[in-house]
Amino acid sequence: MRARTSSAPAPRPALPGLLAAPALLGLLLLLLPLVGLLVRAPWRGLPRLLSEPAVAQALGLSLRTAALATALSLLLGIPVAWVLARLVFPGRRLLRALVTLPLVLPPVVGGLALLVVFGRRGLLGPLLESTLGVSLPFTTAAVVLAETFVAMPFLVVTVEGALDGSDQRMEEAAATLGSRPWTTFRRVTLPQIGPSVAAGAVLCFARALGEFGATITFAGNLPGTTQTMPLAVYVALERDPEAAIALALVLLALSVVVLVALRERWRGPGAAR
Amino acid sequence: MTPRWRAVLTAAALAGLLAGCGGSDDTAPAPAATAPGGLSGSITVLAAASLTGAFTTLGQQFEAAHPGTRVRFGFGASSTLAQQITSGAPADVFASASTRNMTDVVTAGDAADPRTFARNSAQIAVAPASRDRVSTLADLADPDVKVALCQPEVPCGALAEQVLAEAGVTVVPVTRGLDVRSVLASVTSGEVDAGIVYVTDVLSAGAAVTGIAIPAGVNASTAYPVATVTRSRNPALGQAFADHLLSADGQRVLAAAGFAGP
Chain A
1 MRARTSSAPA PRPALPGLLA APALLGLLLL LLPLVGLLVR APWRGLPRLL SEPAVAQALG
61 LSLRTAALAT ALSLLLGIPV AWVLARLVFP GRRLLRALVT LPLVLPPVVG GLALLVVFGR
121 RGLLGPLLES TLGVSLPFTT AAVVLAETFV AMPFLVVTVE GALDGSDQRM EEAAATLGSR
181 PWTTFRRVTL PQIGPSVAAG AVLCFARALG EFGATITFAG NLPGTTQTMP LAVYVALERD
241 PEAAIALALV LLALSVVVLV ALRERWRGPG AAR
Chain B
1 MTPRWRAVLT AAALAGLLAG CGGSDDTAPA PAATAPGGLS GSITVLAAAS LTGAFTTLGQ
61 QFEAAHPGTR VRFGFGASST LAQQITSGAP ADVFASASTR NMTDVVTAGD AADPRTFARN
121 SAQIAVAPAS RDRVSTLADL ADPDVKVALC QPEVPCGALA EQVLAEAGVT VVPVTRGLDV
181 RSVLASVTSG EVDAGIVYVT DVLSAGAAVT GIAIPAGVNA STAYPVATVT RSRNPALGQA
241 FADHLLSADG QRVLAAAGFA GP
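From first to last, the protein sequence lines stand for chains A and B.
Be aware that the first sequence starts at 1, since it is given in this note's numbering, and climbs by one per residue.
Be aware that the second sequence starts at 1, since it is given in this note's numbering, and climbs by one per residue.
Using C-beta positions, here's what the derived DEER-type ranges look like:
#, chain 1, residue 1, chain 2, residue 2, range
1, B, Val169, A, Val257, 38 to 48 Å
2, A, Leu112, B, Asp132, 20 to 30 Å
3, B, Gly68, A, Arg64, 52 to 62 Å
Computed far set for chain A versus chain B, every beta-carbon distance over 12 Å:
#, residue
4, Leu68
5, Leu74
6, Arg169
7, Gly178
It is worth saying that the hints were derived from the structure and are not from the lab.
The beta-carbon is built from N, C-alpha and C at its ideal position, and this holds for glycine as well.
Here chain A stands alone, though its shape is the one from the complex:
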């Protein structure tokens, strides 16, 4: 962070005495549980616990579905962000608020909402089943859909912010020079917001990877089909707490990787934010 501030040496701020204790407590609250996981981790049994086929299965499923959810979010989220940032239409502010709703909505509610629409007795479910022969609940597709529902807003918000902050004069100049809207978007807009798209995608992937509530509500829980890592951690906790911690470590490691990737994006040269 310091790298971004101006190069003039600023006086070092002194820590106000009254902030010290809460700051320490806050840090402990955030870090102690993670340290606990590391302390209690069955390091010696780790290779055995993690080489169980069930773990590879859950991990593979998680990575696959989170990647698909991210791809779907990119495909749909960037256009949504563009519409919200560039088009002027009545109800835009309301739509903006609604699009970000899944960010604050309890995921279980999201899962229930998906079930009410795409479920077998839902609003669209019967139509999907009769026309396409597709029934979404309890399928891997349902996992992807649930993850996309909760994760896409992260991408939309990030990209929309970048579009708001980007220099629109370049787009206007391109248009004046006869560039078609699509070409302008592809050649001018997209390169400008590229770093933010990447950051949004990473956030989106991380959120999708950790999805639990919407997944179990809409997609159910079946090893190999819908049991992602967070579900596997929850289920393992009842059978074998050591296995649960081992699985949790994998998710923790993945999260750290995601975080590092994010910091690089945010701090890297040419980052939009």
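Go by the hints and put chain B onto chain A.
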């Protein structure tokens, strides 16, 4: 008030909040039975999901019989609850849907002297719209029939596995519920065609599902043990609630919900 004082007060309030976070959500420390012979205070009963209906009634009955007491319930998979109790969850009574989970808790030293207060057996719950597709246990093996089972870690899942093995029927479920109630919910909502739940769940769902009896030859039953939690802060009240389950009044409520006697 100077800003400094305001800050001190805020810090004090925060400290108070933090202290509050440590204890249970009782406003006052629950005193163990105060008046001689009388019961007071509140208890938290962690009970198997399948007991939801019966225990809610029993709790009201118990509170009415002992004015001034309060019984709070947490319902979930017995395996989840057992794990919560051994991890230190504040609870006074544990009622499990299987002796296995109770044994886990007793072995960990968190409960003692469990007593069986009811029994339950398996039944097939069928969604109303799927009634013509499922009429026997063997129909659950049909790949076109969507079946929900409890996950094997949970008592109802273990029971279902036992029944299916005994009947020689192989079922590939579309989902494995975290507890029996979530399996029942999948059936009542029609998201699956059928599920294996307890007799009592079919009864509690009323017209929302159709029950199909499992032949006695292949059916299995599970015992429901109850015990007070060792670190209970109100063991007298917990004991009284456990006694109530085994009393004539308590057994009547359980029987009405479809449970068999101990």
